[in-house]
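2 protein chains.
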Amino acid sequence: MSEITLGRYLFERLHQLEVDTIFGLPGDFNLSLLDKVYEVPKMRWAGNANELNAAYAADGYSRIKGLACLVTTFGVGELSALNGVGGAYAEHVGLLHVVGVPSIASQAKQLLLHHTLGNGDFTVFHRMSNNISQTTAFISDITTAPQEIDRCIREAYIYQRPVYIGLPANLVDLKVPANLLSQSIDLSLKPNEPEAQEEVIELIQKLISSSSNPIILVDACASRHNCKFEVEQLVNKTQFPIFTTPMGKSTFNESHPRFGGVYVGSLSQPEVKQFVENSDLVISIGALLSDFNTGSFSYSYKTKNIVEFHSDYTKIKQATFPGIQMKEVLQELLKVVKVPNKYIPTPIPIIKQLDINKFEPNSPLTQEYLWTKVSSWFEEGDIIVTETGTSAFGIIQSKFPNNTIGISQVLWGSIGFTVGATVGAAMAAQEMNPNKRVILFVGDGSLQLTVQEISTLCKWECNNTWLYVLNNDGYTIERLIHGMNATYNDIQPWKNLGILPLFNAKEYEAIRTSTVGELNRLFDDVSFKIPNKIRMIEVMLPTMDAPPNLIAQAKFSSEANEN
Amino acid sequence: MSEITLGRYLFERLHQLEVDTIFGLPGDFNLSLLDKVYEVPKMRWAGNANELNAAYAADGYSRIKGLACLVTTFGVGELSALNGVGGAYAEHVGLLHVVGVPSIASQAKQLLLHHTLGNGDFTVFHRMSNNISQTTAFISDITTAPQEIDRCIREAYIYQRPVYIGLPANLVDLKVPANLLSQSIDLSLKPNEPEAQEEVIELIQKLISSSSNPIILVDACASRHNCKFEVEQLVNKTQFPIFTTPMGKSTFNESHPRFGGVYVGSLSQPEVKQFVENSDLVISIGALLSDFNTGSFSYSYKTKNIVEFHSDYTKIKQATFPGIQMKEVLQELLKVVKVPNKYIPTPIPIIKQLDINKFEPNSPLTQEYLWTKVSSWFEEGDIIVTETGTSAFGIIQSKFPNNTIGISQVLWGSIGFTVGATVGAAMAAQEMNPNKRVILFVGDGSLQLTVQEISTLCKWECNNTWLYVLNNDGYTIERLIHGMNATYNDIQPWKNLGILPLFNAKEYEAIRTSTVGELNRLFDDVSFKIPNKIRMIEVMLPTMDAPPNLIAQAKFSSEANEN
Chain A
1 MSEITLGRYL FERLHQLEVD TIFGLPGDFN LSLLDKVYEV PKMRWAGNAN ELNAAYAADG
61 YSRIKGLACL VTTFGVGELS ALNGVGGAYA EHVGLLHVVG VPSIASQAKQ LLLHHTLGNG
121 DFTVFHRMSN NISQTTAFIS DITTAPQEID RCIREAYIYQ RPVYIGLPAN LVDLKVPANL
181 LSQSIDLSLK PNEPEAQEEV IELIQKLISS SSNPIILVDA CASRHNCKFE VEQLVNKTQF
241 PIFTTPMGKS TFNESHPRFG GVYVGSLSQP EVKQFVENSD LVISIGALLS DFNTGSFSYS
301 YKTKNIVEFH SDYTKIKQAT FPGIQMKEVL QELLKVVKVP NKYIPTPIPI IKQLDINKFE
361 PNSPLTQEYL WTKVSSWFEE GDIIVTETGT SAFGIIQSKF PNNTIGISQV LWGSIGFTVG
421 ATVGAAMAAQ EMNPNKRVIL FVGDGSLQLT VQEISTLCKW ECNNTWLYVL NNDGYTIERL
481 IHGMNATYND IQPWKNLGIL PLFNAKEYEA IRTSTVGELN RLFDDVSFKI PNKIRMIEVM
541 LPTMDAPPNL IAQAKFSSEA NEN
Chain B
1 MSEITLGRYL FERLHQLEVD TIFGLPGDFN LSLLDKVYEV PKMRWAGNAN ELNAAYAADG
61 YSRIKGLACL VTTFGVGELS ALNGVGGAYA EHVGLLHVVG VPSIASQAKQ LLLHHTLGNG
121 DFTVFHRMSN NISQTTAFIS DITTAPQEID RCIREAYIYQ RPVYIGLPAN LVDLKVPANL
181 LSQSIDLSLK PNEPEAQEEV IELIQKLISS SSNPIILVDA CASRHNCKFE VEQLVNKTQF
241 PIFTTPMGKS TFNESHPRFG GVYVGSLSQP EVKQFVENSD LVISIGALLS DFNTGSFSYS
301 YKTKNIVEFH SDYTKIKQAT FPGIQMKEVL QELLKVVKVP NKYIPTPIPI IKQLDINKFE
361 PNSPLTQEYL WTKVSSWFEE GDIIVTETGT SAFGIIQSKF PNNTIGISQV LWGSIGFTVG
421 ATVGAAMAAQ EMNPNKRVIL FVGDGSLQLT VQEISTLCKW ECNNTWLYVL NNDGYTIERL
481 IHGMNATYND IQPWKNLGIL PLFNAKEYEA IRTSTVGELN RLFDDVSFKI PNKIRMIEVM
541 LPTMDAPPNL IAQAKFSSEA NEN
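These protein sequence lines are chains A and B, in that order. Just so you know, we're using the working numbering here: the first sequence kicks off at 1 and counts up by one. Just so you know, we're using the working numbering here: the second sequence kicks off at 1 and counts up by one.
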């Protein structure tokens, strides 16, 4: 085969990077492109229920596999996906958004096609997406198209951001040389400037040498930019205590003896707060410092000795070193780092755990009980997805086993995100290891925004999924911010246990738990752990019950709105 | 009360224009604003299931009442709505999109709040919406805020397009003078330039005088820009035969003796095509000439005598008269128009109707039977909503009773639109006359994109709704364009009749019809016509069965993609 179609070229390139599920919906400007998905061995077309859900699913998939692809159609399809794409931009998630656009001839004639604004402007949606993309391409020339596709894939992967490609319907069947595929896309980072890097390492080493109780604080970008291994090495080599942010949770093994807990400024456990803030050197890796990730910016380090490693710069105290990317500089640092001889690894803070044995079996379930108890049910390798609201805040008090992957949209915080993300994560897990469990915690309010995506789980028989629906009768997070009893925070109650059968789930279980005893029995049941069906567990919780860190955060947010 | 809050001011202004249902979702930057909805007597907060659905609902409401308001929250909420807003832009629907944005202080400090891209840019979403808005305002000053709100409402109403308002969370509680409300917003169009208008009328009169078989062709913008009455007067005064486009269907009374049918270029009934194209003067009113509205631009008038009335200009043959708006010029024309003495009203074309009596009761239902039979079940005043796909094409062969309102998104064509639009239309109907029926025809594929909005119908007990779900096992319109047997055009089958009970509908009926006899019995049942419950009727249809005009259109679209 000396030539292949441009459409197939795109999907072969993605397959080379182990992107083997493509998310999206058919639409008449992308149909011919979709034919090519089926030509690539092992590749599948997810066929989501709507475009926003598809974008969320692609985001979830990318958080597991490092890159994802979303295909939509011109105008209607692509605009529906924008909130999901915006989330991938905010949270550093590599995502290729391929839009099937009208043929070059239709564009040239400025035809008033359906799916246009009726004004002959074919560039308007591209312009809109440009605001939330690392880069874009609106392909018009078959000769340069393969390079443009390569460039877009490269940037989406390297920068871990969305990239937009507009692909005209008539181009996807044109041929390009097949041998272009034999050279893989260069995904290497450009090297750091050696002189600046040397200076950075020296400065960091100096700070380390003169510190007596340094800590490491790891955040989401360390995972997204593929530095988990370097972080682990740094801890092992230095024995410095390590903490994560809420967004960084699962970036580091919580069973490691040097893991100290989750730091969220003033919303931290007191022992963690004191420990972190009394440190004399903070080594921050991959920070994404949003309000919900920092207890509304309530960090109060006593020290001014702060080192920040980022994907595109390094900062030491007040000095910024543009272009010094964390992966390489961490690797170099690991080669030379010396812990002062006098350094005695400080014992990590001991956090008082809730005594779950004190709860009677017939006590109604509470958030506090759930988030403590569930730790013992998690298993190594689980993917744990928590929705903005009580789940994302509650999960901070749970302990993750090693090699867990946590998915939570702490910065962007779009409710409904996790239902889609669970589909993407579950399909990624199916590709990697069919026994890998994907566990969703979503509120009954958030579930309503994206419920139909559960149908995609049913279609693909994602029997590796557990869907915990926390039913607290409405938008509790909003109630805590404003409008505690306002009817705008109510939702129409649904018969949630009917959702899986409605969507024709093949193997499924749908159960309700209301008491401590019911939840305990479930977690004690070994058959309940086996990934052999889709499970929905409706967890009944009091309307006004919420994790204490959420209550405190909501107060901060409310004040910020009113000032 | 000498002062009121800015938030209340906004809703009082909307109430003055009979906008009494506000669509959207709560989010922490709009909560305090939502409190004010409840302060305005008779106003209600719809509380939709997600933002895209809310935008669709607002669009449907506006098509009934002339204006609608959608409230979302910053970033996540507003981006989710953009496809719905884009549809309102394309199809000339007046829509105020109010976005609750972070407080002025948060913006000034460039805080990395949740729902931002994490880069301190608070203007990016405003810039994105600007591409699909008539005008926008990002309110920052309380003193000019009321005038800005008035300006935005005025432009949304006059131009029948979406308008974007960003309203900071801290401003909605600040006070403005209450007496600003005593003067209503000036919604009058600016007068046409008299000299140009006079010239236009003379030229049109000349063309009329020398014509022997003129026709009037009325399209969607005649409804949207409030010229239905003028069109009716023109027909009564001239007795010229009148035709509608697919988008214009329901703009004119189909029982009127001078109504000739629907003209769609080469996809018209042959009698209609011949009649329209042989005319020697075409008077086009409110045209929106997209591919699906014109049989892929297959108009082939024999005459060059064409007059086009638009909302912002008039065109006579090749001469354009900018600023000559149709409403005023039609009113002026009506005062003076003279039909030539020799003019003999041509008999309108007689279209051969399908003989529905030839179908046996046990024959399986077909699209052809359904769209003919249903005409007899429609009633005066019905609102009939048809989804892009077999429904929007099939409905063209149905006959509407007088005062019907048809809703169909022929130009924008976003699948799933009609489920949301039905909610908006049903809530508008509840306000106007609780016996006004709203009838939806949606395919099983499109339904899946927006199904949760049926929950909003249940919440508000919209017992004036009939939801016909045409179950043909997937995306038939896409199959006809490309990929007849491709699995990407399949959907996960659902137990559709379980949807209403799952959403806790109070009074409801869910039934399936598969044969001619079953459908006939339903339509013969007088109790089935009474608006006393929400009804879902799943109509089983063959997968590859489609209205002939859709089959022809799909062929055109497929060719346009490949060329």
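Do not take every clue at face value.
Stretch-level coverage of chain B by chain A, calculated; a stretch enters the list once three of its residues show a Cβ under 8 Å from a Cβ in chain A [as the list claims (entries may be wrong)]:
no., stretch
1, 112-123
2, 138-152
3, 370-379
Using 30 Å as the maximum straight-line C-alpha spacing, the simulated DSS-like pairs for lysine-lysine come out as follows [what the hints assert, rightly or not]:
no., chain 1, residue 1, chain 2, residue 2
4, A, K529, B, K315
5, A, K109, B, K317
6, A, K175, A, K206
7, B, K555, A, K109
8, A, K109, B, K506
9, A, K317, B, K175
10, B, K175, A, K555
11, A, K109, B, K495
12, A, K506, B, K109
Calculated directly from the structure, the hints in this document are not laboratory data. The structure displayed is predicted, hence computed values, not measured ones. Even for Gly, the Cβ is constructed at its ideal location relative to N, Cα and C.
| request: Kindly indicate which numbered hints from before are broken by the structure, ordering the numbers from low to high. | output: 2, 3, 4, 6, 8, 9, 11, 12
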